[in-house]
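K.L.:
Taking the hints into account, I'd like the entire structure generated from these sequences.
Residue numbering for the sequence shown follows this note's numbering, beginning at 2 and increasing consecutively.
If you're looking for bench data, these hints aren't it; they were derived computationally from the structure. Since the model is a prediction, treat every value here as computed from it, not as a measurement. Warning: the hint list may mix true and false statements.
Claimed, not checked - Straight-line Cα separation of at most 20 Å, EDC-like style, residue types lysine to aspartate or glutamate; simulated pairs: (1) K60 to D8; (2) K31 to D8; (3) K140 to E181; (4) K140 to E2; (5) K140 to E194; (6) K140 to E4.
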Amino acid sequence: EMEGNKDVLYMGEDVGKYGGIFGATTGLFKKFGAERIRDTPISESAFIGSAAGLAAAGKRPIVELMFSDFVGVTLDPIMNQIAKNHYMSGGTVNMPVVITTAVGGGYGDAAQHSQTLYSLFGHLPGLKVVVPSNSYDAKGLMVSAIKDNNPVVYMFHKGLLGLPWMPYPQSTVTEVPEEEYTVPIGKARIAREGKDI
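P.N.:
Structure below.
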């Protein structure tokens with residue numbers, strides 16, 4: 002999406018030259034430069050607020066909240082600006098923000114790095130929440146989130162990243178086509194049909 006749309010940018014802590022805490026942005030800084038791959042200070046409230054302003058001005062920011070546990074300091078810009086501006090403006094201001102954040106544990110990171118706060122985001126009016134369960138859905142949902150004109154919280158379990166030090170179920174590893182595709186937001190996938198509960 003970044004190649005085809007110059008308004009898409011990615012921002013967060015250590016996402017530039019370092020490539021992100023989980024390596025998800027490795028190589029993007031070199032390819033797109035500092036204007037589109039933006040390292041931010043360790044001030045989650047500030048860079049989430051910046052994403053709100055960028056979106057209101059016509060950009061399509063993807064903002065990485067390193068761990069969902071850090072949402073407490075970001076609730077004002079998320080809840081009162083990003084989620085509501087489209088509605089408060091009578092539909093004249095789009096807020097195409099993607100907030101991407103890691104959830105879950107499994108490697109001993111305790112109370113501030115392991116929570117799965119799906120319901121917190123899910124109860125904020127104006128936000129869509131997606132949680133991919135495999136690598137195919139991870140790519141397709143991210144493309145759909147970037148193309149959405151309103152805010153999407155993209156929550157991925159760290160186990161989806163295939164990191165050698167992080168345990169993950171084999172069912173999360175699926176074929177991912179090189180070509181672009183989307184996975185629709187708001188439409189459930191039937192993983193397996195059945196008649197017994």
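K.L.:
Okay, which hints does this one fail, numbers in order?
P.N.:
5
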